[in-house]
Amino acid sequence: MWTEKYRPRSLSDIVDQEEIVNRLKSFVKAQNVPNCIFAGPPGTGKTTAALCLAQDLYGPGYREYVMELNASDERGINVVRETVKTFARTRSIGKVSFKILILDEADNMTGDAQQALRRTMERYTETARFILIANYSGKIIEPIQSRCAPFRFTYLPREHAVNWVKRIAENEGLTIKEDGLEAILEISGGDLRRTTNILQTAASVGKPINEETVYSVVGRANPADVQGMLLTALNGDFVEARKKLRDMLLKYGLAGTDIIGQIHSETFRLNVPDKWKVKLADVIGEVDFRLLQGSNEEIQLSALLAKLVEAGAEIKRGQ
Amino acid sequence: MNVLWTMKYKPQTLDEVVGNQEAKDKILKWVHEWDKKPPKKRALFLYGSPGTGKTIVVEALAKDLGMELVQSNASNYRTAEAVQKFAGTASQYTTLFGKKRLILFDELDGITGTADRGGLRVITDIVKATASPIILTANNAYDPRFSTLREHCQLVEFRKLTRTDIEAQLRKICSREGVKAEAEALRLVAERASGDLRSAVNDLQALAQGRKQLAYDDVKWLSTRDRKDAIFKVLGDIFYARNVLDARRAVDAADVDLDMLLEWIYENAPHQIKDPKELSAAMEMLASADLYRGRIGSTQNWELMRYYVDFMTAGVAVSWSHKASGWVPFKFPTRIMSMSQSRAQRAMLAAIGLKIGRRCHMSATRAAKEVIPYLRIIFQSNEEQKNGLAKWFDLDEDMVNYLTAQK
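Quick note, the sequences are listed as chains A and B, same order. Heads up, the first sequence is in my numbering, so the first residue is 46 and it goes up one at a time. Heads up, the second sequence is in my numbering, so the first residue is 180 and it goes up one at a time.
Take these hints with a grain of salt, some might be off.
[Said to hold, decoys possible] Pairs of lysine-lysine residues, derived as DSSO-like cross-links and limited to a Cα-Cα distance of at most 30 Å, are as follows: (1) A:K130 with B:K534; (2) B:K453 with A:K320; (3) B:K220 with B:K279; (4) A:K50 with B:K570; (5) B:K203 with B:K215; (6) A:K289 with B:K534; (7) B:K208 with B:K279; (8) B:K203 with A:K296; (9) A:K211 with B:K570; (10) B:K242 with A:K50; (11) A:K296 with B:K351; (12) A:K252 with B:K215; (13) A:K288 with B:K399; (14) B:K453 with A:K288; (15) B:K412 with B:K351; (16) A:K184 with B:K534; (17) A:K130 with A:K70; (18) A:K322 with B:K399; (19) B:K242 with B:K264; (20) B:K548 with A:K322; (21) B:K242 with B:K399; (22) A:K289 with A:K252; (23) B:K215 with A:K289; (24) A:K296 with B:K205; (25) B:K510 with A:K296.
[Claimed, not checked] To be clear about the criterion: a stretch of chain A counts as covered by chain B if any three or more of its residues have a C-beta under 8 Å from a C-beta of chain B, and this derived list gives those stretches: (26) 59-70; (27) 334-340.
Since the hints were made in silico from the structure, they are not lab data. Remember, it's a predicted structure, so these values are computed and weren't measured experimentally. We put the beta carbon where it would ideally sit given N, CA and C, even for glycine.
Modelling step: build the complete structure from the supplied sequences, incorporating the hints.
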């Protein structure tokens, strides 16, 4: 996978996020790392920065001193706690006196789990340092935030993304048309992982990469046509909209909370009166909350679709 | 091999008896009172729905306390003489070796007609004067026939078992029988039994005996066994109810599983209700019903069940004007089918996601969402990359085939 093939191996290889990289380099020089939070949108290099820091700090055998955990995959805080305990209990035998624990998608942890994590962090400060990776630092509880050095990652500026694509293209011997490059940058919007995945997929489909290949690849890759579902509902076809929803949930395995997030951002782009947008936002928020409480995803989201059907009918009557 | 599972897995001690803790405590306390002298009420009257464990509790109790159980059932109650013969002497004399004696009059409901009244009168007389503890069982203690007898007994109610209790018991049996059963399958069997453990175990034996596995698909017909006609009638009664009471009553009248009924209503609402505003109101009611179902699930507070029923029945009925555009037949809930069909698929996505996650430093869910869609296109269009990536991710043949299949 090109995302891995071209992932930088050392802090010096990272071309962007200069300020962050410089601070991390100073940690390496001092052979000391505080607990950190890396926050920022997807594909901006958070995981890469953490891995590079570890490689620069420990050298080639870094895997022995680093553990990667994923908050979304580990079942409950108890697993995290137990794993952390066994990992952090033993002192590092190298010249660096601590090990590093990278906890990815930390903002997916519940408040309770984070409280428990906080205690674990405190207990093992001597032997372990934590790097928490999150999209939103706001979802990390205050006490953890105050114990960590914050790092804010931002979307890559355009010229860096262009260079990135060109470098891979050269290495892989690809021909990219100007409009193809434009399309990739436009769609991925500064998310380097997405950029790279689109590029690799487009390259696997046909020889010259142009606007058309890029859009066809992206279209095929995104069966979750949230916008299409919303428009179907607005046009009054509830049964069809519900079928689209069911496909997303069952066929493509999307989580209800992901769909609700997309619905929220799409709603404000819909061609409906502002008054309705606000009304819908209220319903969306309620559904979002209910899903967190463990209600049935399809039934709750369907109720929202029915609201859209109602909105569509009322708007039509008003015209 | 032909042993009934209800016998094979009959509890041997009081502790093993599922549910009805309160009743068990009461019975135990009462029996111990006999250690000093006969209590004021010399008989216990256990009552409650079939399959709630009345008889089994008495049998286990006798075993626990090492008492001799003198047991009788309906056929012995025909005449006064028969009752006298069975229990008269037993109630007056202790056993030969000083072992204590416990007398059980099981299934008193079996007494019918005037001919049997004599038997009932003798039982009452025996209860008044007995020297050994007596326990009676019946489904309904408040039947007028028992009014005199009741005065001389302490009543103990047996409640219907919860679905969770029944489910746990079924799970235990399956593991002892070496049957790998899906949780949803057992849940359906348990649910359908509506509090009757005996019938649940019998159903399970019929479905699972001699099998290695029991899937939801193997049992789901149970829920449609409630005859489609019956469901259609309930749906009609709910959608077209004239008032909220009628709508609620439609559920009480029919013996249908509530979760299944919700699926039916949810499937059919948009086909029956065409007006957008009314449909929206009805869907909101179903969402509220679902909300209460979730609350029942997380709090295990079954009292909330009534609100679940309120919203799915009365709520839907009042949401619309009942002006259907012509006759629209009710449809079978397709969601249930789609769910069991897609379960394997989702498991596959999760398994592939995990493999990708390990290589690409991300969670399985995230990988399923962000990487698999692209991987699928690559696998379908480029043989060379496909082979390389399959090896690198360490995907097995099924996974590769799944990703390569056109959709």
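Hints and how they fare:
In summary, the hint linking A:K130 to B:K534 is supported, as the alpha carbons are separated by about 25 Å, within the 30 Å threshold. For the suggested pair B:K453 and A:K320, the alpha carbons sit about 24 Å apart, so the restraint of at most 30 Å is met. This hinted pair checks out: B:K220 and B:K279 have alpha carbons roughly 18 Å apart, not beyond 30 Å. In summary, the hint linking A:K50 to B:K570 is supported, as the alpha carbons are separated by about 15 Å, within the 30 Å threshold.
Under the criterion of a C-alpha separation no larger than 30 Å, the hint pairing B:K203 with B:K215 is consistent with the structure, at around 20 Å. Taking the CA atoms of A:K289 and B:K534, the gap is about 28 Å. The hint holds against a cut of 30 Å. For the hint linking B:K208 to B:K279, the alpha-carbon distance of about 16 Å falls within 30 Å, and the restraint holds. Distance check on the hinted pair: B:K203 and A:K296 sit about 49 Å apart at the alpha-carbon level, beyond 30 Å; violated.
For the hint pairing A:K211 with B:K570, the CA-to-CA distance comes to about 27 Å; that is within 30 Å, so the pair holds. Taken as a hint, the B:K242 and A:K50 pair is broken in the structure, with Cα atoms around 71 Å apart against an allowance of 30 Å. Distance restraint check for A:K296 and B:K351: the Cα-Cα separation of roughly 33 Å exceeds the 30 Å cut-off, and the hinted pair is therefore not satisfied. Restraint check for A:K252 and B:K215: not satisfied, since their Cα atoms lie roughly 97 Å apart, outside the 30 Å limit.
Restraint check: the Cα-Cα separation between A:K288 and B:K399 comes to about 22 Å, which is no more than 30 Å; the hinted pair holds. With a C-alpha separation of about 17 Å, the suggested pair B:K453 and A:K288 falls inside the 30 Å cut-off, and the hint holds. The straight-line distance between the Cα atoms of B:K412 and B:K351 is roughly 37 Å, outside the 30 Å bound, and the hint therefore fails. As the CA atoms of A:K184 and B:K534 are separated by approximately 28 Å, the hinted pair is consistent with the 30 Å bound.
A distance of roughly 28 Å separates the Cα atoms of A:K130 and A:K70; the hinted pair therefore holds under the 30 Å criterion. This hinted pair does not check out: A:K322 and B:K399 have alpha carbons roughly 42 Å apart, beyond 30 Å. Straight-line distance between C-alpha atoms of B:K242 and B:K264 comes to about 24 Å, which keeps the hinted pair within the 30 Å bound. Among the hinted pairs, B:K548 with A:K322 is consistent with the structure: their alpha-carbon atoms are about 28 Å apart, no more than 30 Å.
Simply put, B:K242 and B:K399 have alpha-carbon atoms about 39 Å apart, too far for the 30 Å limit, and the pair is violated. With a C-alpha separation of about 33 Å, the suggested pairing of A:K289 with A:K252 is violated against the 30 Å cut-off. For the suggested pair B:K215 and A:K289, the alpha carbons sit about 72 Å apart, so the restraint of at most 30 Å is broken. Under the criterion of a C-alpha separation no larger than 30 Å, the hint pairing A:K296 with B:K205 is inconsistent with the structure, at around 53 Å.
Annotation: proposed proximity of B:K510 to A:K296 holds, straight-line Cα distance about 22 Å (limit 30 Å). Counting residues of the stretch 59-70 of chain A whose CB lies closer than 8 Å to any CB of chain B gives 0, so the stated coverage by that chain is violated, three being the minimum. Residue count for the stretch 334-340 of chain A with a Cβ under 8 Å from a Cβ of chain B: 4. That meets the three needed, and the coverage hint holds.
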